[in-house]
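K.L.:
The primary structure of each chain is shown beneath.
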Amino acid sequence: MIDLMGKKNYYFALSILIFIIGIVGLIVNGVEMDIQFQGGTIMQIEMPDDNFDTELAADIVRNAIGKIATVNKSSTFNAENESEKIHLMVLNIASDDTLTEDERTQVIDALRKEFNIAEDASVSVNSVEPFIGKEFRINAIKAIVISSILIVIYVWLRFRSMHGLSAGVFAVVALIHDIFVMFIAYVIFRIPLNDSFVAAMLTIIGYSINDTIVIYDRIRENSKLMHKTPIRELVNKSVLQSLTRSINTSITTLIAVLTLFVFSVVYNIQSIREFTMPLVVGLISGVYSTLFIASPLYMLWQERNIKKRAAARKPAKA
Amino acid sequence: MKGNNGLKIFLVFAFIAVMTYICFAGSLFGIVKIPGVNDIVPGIDINGGIDAMLYAVTEDGSKPTQEQLDAAKTIIGKRLDKVGILDRNLSTDVNAGRIVVQIPWAPGETDYNPDKTLAMIGKTALLTFQEVDTDKVDENGNYLPTDRIVLKGTNVVNAVAAQNPQTKGMEVLLELDAEGRQAFSEATARLIGQPIAIFMDDQFISAPVVQAHITDGIAVITLGNRNTEEAIAEAKDLADTIRSGSLPFKLEAKHVNAISPLLGKGALDVTIRAFIVAFLLICLFMIVYYRLPGLIASISLFTLAILTLNFVSWMGITLTLPGLAGIVLSVGMGVDANVIIFERIKEELRAGKTLKAAVDLGFRRAFAAIVDGNVTTLIVAVILYIFGTGAMISFAYTLFIGVVISFFTAITLTRTMLFAVTDLSIARKPWLYGVKGVQS
Chain P
1 MIDLMGKKNY
11 YFALSILIFI
21 IGIVGLIVNG
31 VEMDIQFQGG
41 TIMQIEMPDD
51 NFDTELAADI
61 VRNAIGKIAT
71 VNKSSTFNAE
81 NESEKIHLMV
91 LNIASDDTLT
101 EDERTQVIDA
111 LRKEFNIAED
121 ASVSVNSVEP
131 FIGKEFRINA
141 IKAIVISSIL
151 IVIYVWLRFR
161 SMHGLSAGVF
171 AVVALIHDIF
181 VMFIAYVIFR
191 IPLNDSFVAA
201 MLTIIGYSIN
211 DTIVIYDRIR
221 ENSKLMHKTP
231 IRELVNKSVL
241 QSLTRSINTS
251 ITTLIAVLTL
261 FVFSVVYNIQ
271 SIREFTMPLV
281 VGLISGVYST
291 LFIASPLYML
301 WQERNIKKRA
311 AARKPAKA
Chain G
1001 MKGNNGLKIF
1011 LVFAFIAVMT
1021 YICFAGSLFG
1031 IVKIPGVNDI
1041 VPGIDINGGI
1051 DAMLYAVTED
1061 GSKPTQEQLD
1071 AAKTIIGKRL
1081 DKVGILDRNL
1091 STDVNAGRIV
1101 VQIPWAPGET
1111 DYNPDKTLAM
1121 IGKTALLTFQ
1131 EVDTDKVDEN
1141 GNYLPTDRIV
1151 LKGTNVVNAV
1161 AAQNPQTKGM
1171 EVLLELDAEG
1181 RQAFSEATAR
1191 LIGQPIAIFM
1201 DDQFISAPVV
1211 QAHITDGIAV
1221 ITLGNRNTEE
1231 AIAEAKDLAD
1241 TIRSGSLPFK
1251 LEAKHVNAIS
1261 PLLGKGALDV
1271 TIRAFIVAFL
1281 LICLFMIVYY
1291 RLPGLIASIS
1301 LFTLAILTLN
1311 FVSWMGITLT
1321 LPGLAGIVLS
1331 VGMGVDANVI
1341 IFERIKEELR
1351 AGKTLKAAVD
1361 LGFRRAFAAI
1371 VDGNVTTLIV
1381 AVILYIFGTG
1391 AMISFAYTLF
1401 IGVVISFFTA
1411 ITLTRTMLFA
1421 VTDLSIARKP
1431 WLYGVKGVQS
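Chains P and G are the protein sequences, given in the same order.
Position 135 (the first sequence) corresponds to 135 in the numbering used here; numbering is contiguous.
One rule links them: number in the numbering used here = place in the second sequence (from 1) + 1000.
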C-alpha cells in the first residue's frame, strides 16, 4: 500500500510555501478592488480600430471636466463578425471623482471631436459612488462569514458521531486553507475584488467541504469495520479508497470550470475570466487540502489522543 | 420483470424527449405553449441595458419616506412611458433611500444613450395645474399645456387616493398650502364647468372639470362611481403623480451599470459554446472511465441541463452570464453524485458482490455523502441569493435549481436506467462497469 500519510510534512511545507508567496504578494501588490467595492467610474467606448492615442484621450478628459482619467486600450469578441474584434477605449476614473451623467456626456462629446467615434458607437458605463461600494463590500463580508458559520454548524452536526468536533475543526481548517489559496490567486493575478469574487468564494466554501465530508465519511465507515487497525493505517487506507472518487468528482467540475475559463481567455470575456480563474484554483486547492491537509491533521490529532490516553492509563497501572 | 423494465425505460426516454422538445420548441408539440429556452429573459449583462440606483438627494440630507419614493417611482415610470421604454423594472428600497431602475436594451433602439435616459428620469418633477384651451388638443385628444399655471406641484401638501363613503367611487383628495389655497380659490371661482389640466413636465396627466368654487384648500378629484381594481389603481397612480410634484428632492444615479448590447452578445455566444464543449467533455470522461454507467450518467446529465434551462424559463428567472456559469457549474457538480455511486459499485463488484447487489449497495451507501455534499452547496446558494447583487442573484438561482434537479437526475433517473439495464444479460459483463474480471 502506498504510504500517503508518511509524506505529510511535504504537504504541509507546500501549503506554507504558497501562503508565504501569498503574503509577499499581498505586501507587494496589495488588494485590488473593483469599482463595485470602492466606487469610481469606468467607461468603455467602442472605437473603429485600436489606433488611438490614450494620452491624448486623457488630456481631453482633463480639459473637458477637470478630472484625471486613466485611459487604456482593450478589445473583445465580436459575435456578429468573428474575424473582427471590437476595439474599446477604456476610461478609468478614481473613486473620489465619480462622474455624473452630465460629465459623462461631456466626456464623450469632447472625445468625439478628436477621435473617430461612430455616431452609434456603443458605450458602456459602470459608475459607483464610494458609499455604495462600501455597502456592497460589507454585504460581501457578511455573506462569506455567515455561510462559513452555517457550513461549520452543518459539519459539526454531521460529525458529532465521529469524534465530531475535531473532525469538524479540521474540515474547517481545510476550508480556510482553500479560501486563503483562492484569495492569494486574486492578489497574485491582480484580479479586482467584486461580487463575482464573493460568488466564487461561496461556491468553493460549499464545494470544497464536500470532498472532506466524503473522506471523513469513509474514515467513519472504516473505523466501525476495523477498530483494531492503527489510526495511521486506517486514515491512509480510507484516503486511498476515496482517492479516485475525490479526484474524479473534482475532475468533472474542473472540466466545466476550466472550459469556461479557457473560452473566456481565448475570446477575452473579462467577467467570465475573472469569475472562473479563482474557481479553478479553489477546486484544485479543495482536493489537495482534503487529501493532504485535513486527513493527516485528523490522523495526527487522533494519534496524539491515543498516546495521551495511554499515558494517562500507565501511572494508574503502576 | 423484463416487460416492466421496458416500460420504465420507455417512460424515462419519453420524459427526456418531451422535456427536450419543450426546451427547444417552447411548446408541447405545437399544441400548448410552454416556455422553453428561447423564452428565458436575458439579463442586462447579456442583452445590454441599464441597471441603476437612483438616490433621493434632499436639501437637508434626510432620507425620503416610502410614500415619497413611491411617488418618485411613479414619475420615473411616466417619463419612461413617454419615451416608449415600456420594458423595465422599478423597485424602491426605503432603508437605503433609493430606487433601483433596470431597463433592458430593446432591439431596434438605435439611440442607446444611458446617460441621457438617466438624466431624464432623475430630474426634479415639474408638476403643474394649468388652465387649458378646450380647442387645443394633441392627436390623442389630450389638452396641450398653455403655461397659464394655476398651481405648482409644490403647492400640494398631500394627495391621497380614497373611496367616497357615499358613492363608493374612487377619488383623489388634495390638500393645498396657503398660497395654493388662495390661487385655487381664485381659479375655481373663475373656471366653474371648465377643466383644469394636470401636467407632469410637459406630459398630460388628467383634466378634472371644476365642479364648485373651492376655498378651503381641499380639492377632490372624482374618478366616477367605480371601485373596481382598475379604478383603485388609477386613483393611486394619480395621487402618486400629484404627490411627486411636491417631492423635496431630485434623484441622482449614484450607481450606474450601463452595458452595451454589443459586448453582452459576444459574451453570451462564448459562454454557450463553452457550455456545450464542457458538457461533451464531461460525458466523454464519464463514458471512458465508467463505460456503461458512464453512458447512463451522461443521459442523466443531459436531462439535468435541459430541466435546469426549463425551470429557469418557467420560473421567469433572469439569466445573466454568472447565471449561465452557474448552470455550467451545476452540470459539472451534478455528475459528482454519479461518480460517488459508480466508484462504490466498482468497489462492491471487486469485493465479489453480484452485479445486482453491487448496484443496489452502490446507491444506498453513497446516499449520505451525496446529501451532505448537496446541502452545503444549497446553503451557499441561499446566502448568495440574500446578499448577492445584480447579476449574481441569477447565479444563486441557477446553482440552487441545478443542485436540486441533480438529486432527481443523478439518483432517480440514473438508478431507474441502471437497474433496468442490469437485468439484460448482455449488460452484465464486468468490463462494462470498468472492473477487470470479478474476483471471488
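Derived from the structure by calculation, the hints contain no laboratory data.
Being a predicted model, the structure only gives us computed values, none of them experimental.
Be careful, since some hints might not be right.
Under the rule of at most 27 Å between Cα atoms (straight-line distance), these lysine-lysine pairs were calculated in the BS3-like manner [what the hints assert, rightly or not]:
#1 K134(P) <-> K1429(G)
#2 K1265(G) <-> K73(P)
#3 K85(P) <-> K73(P)
#4 K224(P) <-> K1353(G)
#5 K1346(G) <-> K224(P)
#6 K1078(G) <-> K1236(G)
#7 K228(P) <-> K1353(G)
#8 K134(P) <-> K1073(G)
Here are a few chain P residues that sit away from chain G, every Cβ distance over 10 Å (derived from the structure) [said to hold, decoys possible]:
#9 I23
#10 L26
#11 E55
#12 I60
#13 S83
#14 K142
Each residue gets a CB set at the ideal place from its N, CA and C atoms; glycine is no exception.
K.L.:
Does each hint hold? Answer for all of them.
P.N.:
The hints, checked one at a time:
1. For the proposed pair K134(P) and K1429(G), the alpha carbon gap of about 61 Å is over 27 Å, so the pair is violated.
2. Restraint check for K1265(G) and K73(P): the C-alpha separation of about 20 Å stays at or below 27 Å, so the hint holds.
3. For the given pair, K85(P) sits about 12 Å from K73(P) by alpha-carbon distance, which is consistent with the 27 Å threshold.
4. Taking the CA atoms of K224(P) and K1353(G), the gap is about 20 Å. The hint holds against a cut of 27 Å.
5. Between the alpha carbons of K1346(G) and K224(P) the distance comes to roughly 21 Å, so the proposed pair stays at or under 27 Å and holds.
6. Distance hint between K1078(G) and K1236(G) is fulfilled; the C-alpha atoms sit about 14 Å from each other, no more than 27 Å.
7. In summary, the hint linking K228(P) to K1353(G) is supported, as the alpha carbons are separated by about 25 Å, within the 27 Å threshold.
8. Straight-line distance between C-alpha atoms of K134(P) and K1073(G) comes to about 25 Å, which keeps the hinted pair within the 27 Å bound.
9. The beta carbon of I23(P) sits about 27 Å from the closest Cβ of chain G, which is more than 10 Å, so the claim that it is off the interface holds.
10. For L26(P), the condition that its CB be more than 10 Å from all CB atoms of chain G holds, with the nearest at approximately 25 Å.
11. Distance check for E55(P) against chain G: the nearest CB is about 25 Å away, which clears 10 Å, and the non-interface claim stands.
12. Against the 10 Å criterion, I60(P) stays outside the reach of chain G, whose nearest CB is about 17 Å from its own CB.
13. No beta-carbon of chain G is positioned within 10 Å of the beta-carbon of S83(P); the least distance is around 13 Å.
14. Here K142(P) does not stay apart from chain G, with its beta-carbon only about 6 Å from theirs, under the 10 Å limit.
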